[in-house]
Each structure stands twice: as C-alpha cells, then as structure tokens.
Amino acid sequence: MKALIKEFTKGIIRENPTFVLVLGLCPTLAVSVTVANGIGMGIAATFVLLGSSVIVSLVKDFIPGRIRIPCYIVIIATFVTIAEMSMKAYSPVLDRALGIYVPLIVVNCIVLGRAEAFACKNSMASSFFDGLGMGLGFTLALILISGIREFLGSGQLLGHTLIKGFEPIFVFGMPSGALLVIGLLLGFFNFLKNRKR
Amino acid sequence: MRDNLIVSGSPHIHKKASISRIMWTVVLSTIPAGIAGVIIFGWDALWIILVATIAAVSTEWAFESITRHKVTILDGSAVITGILLAYNLPPGVPLWLPAVGAVFSIIVGKAVFGGLGQNIFNPALVGRVFLMASWPKYMTTFPKPFNYDAVTSATPLAMLKEGKIPGHIPYLDLFLGNRGGCIGEVCILALLIGAAILLIKGYITWHIPLTYIFTTALLTYIFGAKQLFQGDWLFHILSGGLILGAFFMATDYVATPLTPKGQVIFGIGCGLITAVIRLWGGYPEGVSYAILMMNAATPFIDRYTRNRIYGT
Amino acid sequence: MNIQEFLTIFISAVFIYNVILSRFLGLCSFIAISKETKPALAMSFAVLFVITMSSIITWLVYRFMLLPFNLTYLRTISFILVIATFVQLVEMVVRKSSLQLYRAFGIYLPLITVNCAVLGVAVLNIDMFFANGKQLAGSFYYSIFQGICVGLGYTLAMLLMSGIRERLELCDIPRSLKDFPLAFIIAAILSLSFMGFSGFKFY
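Protein chains in written order, with the working numbering: chain A, 1 to 197; chain B, 1001 to 1312; chain C, 2001 to 2203.
If we strip away everything but chain A, and leave its shape as in the complex, we get (with noise of 0.2 Å):
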C-alpha cells in the first residue's frame, strides 16, 4: 500500500508532469487564461490518463511490441473521444472554451509518455495511482499557471474581481504572457531546486 501511495505522490512534486517532466505543454498553456478553463481541461485529462493507464496496464499482455505505440493511441483516442463527447453533452461552453485542444489530449505526451514508461510496465493498481498522481499534478500545474495568468491578465479569478482598481495586464492572457509565465516559473523552480544541492 505504501508502494501505492508512494507512486500517487510522485506525480505531484517529484516527477509533476508539467514542471519536472516538462510535458504535454501545448495544451497547458494554451488553455491556461482561466482558472475555470484550467480545472476543465486537468480534469478531463485525468480521466484520459485514468483510464488508458489502466486498460494499457491490463492488456499489455496481449500487444505485440512492434505495434504497441498505435494500440496504445487507439486506446487513449477511445477515451478521449468519451471525454469529447460527455463534455460537449454536459457542458458546451467548457468544450468551446477548450476547443481543438480536447481531442489534442490524444497526442499530449503526458498521456502517451505515461503509458508507455510506466503502465505498460507495471500492475493495473500501480498503473491507477500513477495516473491518478500525475493527472493531479498536471491539473495543478493548470491551477498555478493559469491562477497567475487570470490574474494579472485579467484581474479576476474564476470571474471574480479581487482588487478594485487593479489595471489588468492584457499580455498575460495573450500567448506571449503564457510562454513568459511559464519561462520565469520554470526558472524559479530551477532555482529551488539548485539551492538544495
């Protein structure tokens, strides 16, 4: 159980996807303006990864190497195509807000380098956890960046106005801002991280 706990956690500090693995960031900071659009898209995410984490993890038996990089795909492209679908059902205005980055979480290399580093090795309960940590950790990541971007972009955040009389900086809610954003906190977690050696 320890072992368990022990691949969940890793997920969101040690190895987060996003910081340290630096992966799947194409979609991070593209739909990283809201706080709203962040939790969507992590939560999503996380039920992709949840659950193509554990099929691959279940029938990886039964794939012959050579094609297990498009089984692995097919399989990912399957939930993601539920998680297409659900959204558009349960709440357009998320999916529009998303856009084409939705059925993009096929190619997020989160998903894909999870699947073929650690799933496709290891036991469906590991194989759960491990999803679990690293999709918490992806969401976040999405929490932190887009916090940081809603609010100096926009002054609000999840649409409520903190600071009366804030001047909104515009750039951050732009594509420019997003690569500053996350160029200065790569940078500074580097710098925590250089400090301890």
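By construction, these hints were calculated from the structure, which means they are not laboratory data. Don't take each hint at face value.
As the list claims (entries may be wrong) - Straight-line alpha carbon distances no greater than 35 Å define the calculated DSBU-like cross-link-like pairs of lysine-lysine that follow:
(1) B:K1144 <-> A:K193
(2) B:K1226 <-> C:K2201
(3) B:K1144 <-> C:K2201
(4) A:K193 <-> A:K121
(5) C:K2201 <-> B:K1070
(6) A:K196 <-> B:K1070
(7) C:K2201 <-> A:K196
(8) A:K193 <-> C:K2178
(9) B:K1161 <-> C:K2201
(10) A:K121 <-> C:K2178
(11) B:K1201 <-> B:K1070
Said to hold, decoys possible - Facing chain A, from chain B, some residues (calculated, C-beta under 10 Å):
(12) G1042
(13) V1108
(14) V1112
(15) L1210
(16) W1233
(17) L1272
Said to hold, decoys possible - Label pairs and their calculated CB-CB ranges:
(18) C:T2008 <-> B:I1222: 20 to 26 Å
(19) C:K2178 <-> A:K88: 41 to 47 Å
(20) B:W1280 <-> C:D2172: 48 to 54 Å
(21) B:W1206 <-> C:L2170: 26 to 32 Å
(22) B:L1210 <-> C:K2038: 34 to 40 Å
What you are looking at is a predicted structure, and each value in this text was computed from that prediction instead of being measured. Glycine included, each C-beta is placed from N, C-alpha and C at the ideal position.
Here the structure of chain A is known, so what remains is to put chains B and C in place on it, guided by the hints.
Below, chains B and C alone, put in the same frame as chain A:
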C-alpha cells in the same frame, strides 16, 4: 566596442573608444530629442524620461547586486535603455507605466541573456512591445502637442490608418514635431542633430539607417496610395518612429549584424516589415515590431555574411 | 476561392497565429530540438511534409468516409490512426530507399506522430472549412494550403529560435534560466514581435 570581439595576435590598434565612452556619447546624442519632447509636450515628458531612466538603472543595479555580478550601471547602457524606452511612450502615460516597462526591459530584455553584449533583442523595444500588449489604452492615447491640458489627438499615422488622409499637416510641422506622437519621436530635427553626432564620431554607420529609411520610403512610395507610384513617402519618413528607430534603435551594436553586408540586409528587412505593417497591418506603426523581428533574424544574418578570413 | 483568402491564411498561419508561438502546437519538439540549426531544419522539413500530406488525407477521410456515414464523432480516432499509419509508412519507405536520409530524419519521424501540430492542423482544417456538415467552397485547397503554411510557420519559428539559441551558447546566462526557461522567454518575445502583423487586411 567591436574591437572587443577581435581575437588576434598583436600588434593591436588602440582607439579611444570604450564601452562607457560610446554609451555616454549616445546618451548625449539623445538629449536634443528629449529637450524637444519636453518643450512640445510639457513637464510630464520630463518626468516620464526620468522615471524610466532611474527605474532602468535601479533594476540593473539590483539584479547585478543580487546575483553578485560586477555592477555595471556606470557604463551608461541602462541609462540609454531607460531613455529610449521613454522616448517610445506617449507623453500622457501614468508614471508607473514607464517604471514597469523599464524593469521589464532590463530584466527580460537584457539581464536574462547575461547582460550587456549578450542580448539578442533591443531591450527598450522589448519593454515597449510588452507595454503595448499589456496596456493598449494608455499606449495609444496621445496628447496634443503644445497643449498642456489633457486634450488628445490622433497621430498622423493613426489618421492615415483610419483612412483620413492627413494631407493638411505641413511637412514642416512633421519635421519640427508639431504633431501627436511619442516623446522622443516627434522632433525630427532634434533626432537628426543627435544622429549627426553619432555619425561624425563614427559610433554608428550609415548602412542601417540609410537602407532602412530608403526601403520604407520606396515601398510606401510604390504602394502608399490608390494608384501605384503615388505614395507620399516624405510623409512616411517624417511620421511615426522611423527616424528614432532607424538611427537609435536599429543601430544597437549588440542586437544587429556585425558586417556591413549583414547590416544592409538588416536595414532592408526592417524597412520591408515596417512598410508592410504601416500599409496593410492593423497597427498604424510597425517600427518596434520590425526591429525586434530583425533582431531575431540577426544570428542567421551574421552566419551567412561572415567575412572571409584572409588566407582561407 | 479567392486570392485574398489564401493571403489571409498565409499571414495568419505563419505570423499572427503562428502554430508554435501563438497556438502552442508542436511546442514540445520546438523546445527540445531548437537548440541547434541542423536538427531544427531536419525536423522542420519532416514536419512540413507530414503536415501537408496528413492535411490531404484527413480531409479526404472526413469528407468521404466520416461525413456520409454520420461518423463524425470518430474524427479524433480516425485522424490519429491515419497520421500514425502514414508516419509509419513514410519511415519504412525512407529506411528502404535512402539510409542516409533515414539517419538524418529517421529519429524525428516517430516523434512527429505525437506532434500536436499535425493532429491540430487536421482538426483545425475541419473546424475552419466545414460548416453544418458540408464543406465550404474551396475547402480542400484551403486545407492543403493551410497545412503548408503551418509547416512554414513552424520552420520559421524553429530557424529563428535555433539561430538565437546557438548564439546564446557563448553567453553568460543565469544558471536557473539555462535551456528551457530562457527558451520560453525568447519564445515569448518572438510571440510579442509577431503580433505586429495582427489585424492584417488586404484591400
């Protein structure tokens, strides 16, 4: 300063120029434009220039102290960044704007690359486009010249973009600065005086400014009106930030090509992009973006215009 | 189908909504491979080729297989399968025909399958050039052209970035910012600069 980049055996020829001397002379050459800006737009302009400069120098001092580097604020480069940033701002902006812009210029435009001599982009322009994207309302509100109350007017280029041909502005007004615009860009006369100082001292060469201005003039002449070859190129040269950009920012030693051939390419590229944005883009002025894009291309230009080493 | 539409697609795809600097598609490969010019160029050509071909094939699949049979919800799965298969085929062909070319491109080809840009453009083409289950006029040609332009935009960003990063090898960058963080900051400045072309209008 180019001498620092030559790695060869002795004997060397020594010139009086050092980095500080060059930078402070550039500062000197910008003073006429600053004085003109203050005369035309009032004391507000002076405060903006001072805030930007002090913020730039303080930021550089703070960054270098915290990271335990040698403090180089006396070399004048931070001062130049502050001044040029201020010259690119409208005169009516709230004072926190140039301060934030200057901090951004120094940190993101210069410090993260390793400081002087290593920046890829012109720091003042990095700050300007940041400010433009962040607070577009403040960056596009221009007070009327010689009117010290807050009456605003559109700049000549903005009028052109909206389709109102500003034929009624006499060229002399454009030349002397009797028009809306940014602090340091409006008085062409003052800018040319400063540019002359730099050219005479040999701190800048004619390659970039001439090719830049010429290319922009040529393209606006050909495409600037309903029929071909009817464009008002003189208007375009005298409006916006072209003269300021061509002589003071596109000639930044570090962010531009090393060889004359490369500089000509750089100048043409800047002119091309500026003209394209002015003629067909959404923004009325494209000088800052043009120079930054060509800054990005400079490593490539340098690579392919390298001087052949004698003997190879 | 008019020339203005083509010009707009070109300016949008290459500058204003540059695939990497604005849409963030292909960012992973961009940050990882843009350190040196040679690999950057190799990757760019491979990407350009794959994006163009996949634009064509996915459009055809959507138009003639998914639409008529009301299977549009299978878009994601079918597109990614098409792309993965195509890349696999290309890899096999290249390996058989020219070992030299394979060594130059080979390692990048499998990476392109998961390059967001390829799937992204395929989806974008459908979103932009189909409406209400019917194709818009000139949709096929616009899609191909958009694919090419996106590839060109990718190449432009890669070339600029690799030139800059190569030059920065000689510079005194603060330790925490080395590699990735600085690459993102440079991309941020490039993104800001490219914004200069927004609002483009041809008369």
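Results for each hint:
Our distance criterion of 35 Å between C-alpha atoms is broken by K1144 of chain B and K193 of chain A, whose separation comes to about 52 Å. For the given pair, K1226 of chain B sits about 15 Å from K2201 of chain C by alpha-carbon distance, which is consistent with the 35 Å threshold. Between the alpha carbons of K1144 of chain B and K2201 of chain C the distance comes to roughly 29 Å, so the proposed pair stays at or under 35 Å and holds. With a C-alpha separation of about 29 Å, the suggested pair K193 of chain A and K121 of chain A falls inside the 35 Å cut-off, and the hint holds.
Taking the CA atoms of K2201 of chain C and K1070 of chain B, the gap is near 49 Å; set against the 35 Å cutoff, the hint is violated. Only pairs whose Cα atoms come within 35 Å are accepted, and K196 of chain A paired with K1070 of chain B is accepted, the gap being roughly 25 Å. For a cut-off of 35 Å, the pair hint linking K2201 of chain C to K196 of chain A is broken: about 53 Å separates their Cα positions. The hinted pair formed by K193 of chain A and K2178 of chain C meets the criterion: a straight-line CA distance of about 13 Å does not exceed 35 Å.
Using a Cα cut-off of 35 Å, the hinted pair K1161 of chain B and K2201 of chain C holds, with the two alpha carbons roughly 11 Å apart. Our distance criterion of 35 Å between C-alpha atoms is met by K121 of chain A and K2178 of chain C, whose separation comes to about 33 Å. Distance hint between K1201 of chain B and K1070 of chain B is fulfilled; the C-alpha atoms sit about 29 Å from each other, no more than 35 Å. Interface hint status for G1042 of chain B: violated, as the beta-carbon distance to the closest one in chain A is roughly 23 Å, over 10 Å.
About 7 Å separates the beta-carbon of V1108 of chain B from the nearest beta-carbon of chain A, less than 10 Å, and the hint is met. This hint holds: V1112 of chain B has a C-beta 8 Å from the nearest C-beta of chain A, less than the 10 Å allowed. Using the Cβ-Cβ criterion of 10 Å, the hint placing L1210 of chain B at the interface with chain A is not satisfied: the shortest such distance is roughly 32 Å. Checking W1233 of chain B against chain A by beta carbon gives a least distance of about 33 Å; that is not within 10 Å, so the hint is violated.
Because the smallest distance between the Cβ of L1272 of chain B and any Cβ of chain A comes to about 23 Å, over 10 Å, the interface hint for this residue is violated. Judged by the Cβ atoms, the range 20 to 26 Å given for T2008 of chain C and I1222 of chain B holds: they are separated by roughly 22 Å. Checking the proposed 41 to 47 Å range against K2178 of chain C and K88 of chain A shows it holds: the Cβ atoms sit about 43 Å from each other. Checked against the hint of 48 to 54 Å, the pair W1280 of chain B and D2172 of chain C fails, with Cβ atoms roughly 40 Å apart.
At about 29 Å, the CB distance of W1206 of chain B to L2170 of chain C agrees with the hint of 26 to 32 Å. Hint check: L1210 of chain B to K2038 of chain C, Cβ distance near 35 Å, so the stated range 34 to 40 Å holds.
Violated hints, listed in ascending order, are 1, 5, 7, 12, 15, 16, 17 and 20; each of the other numbered hints is respected by the structure.
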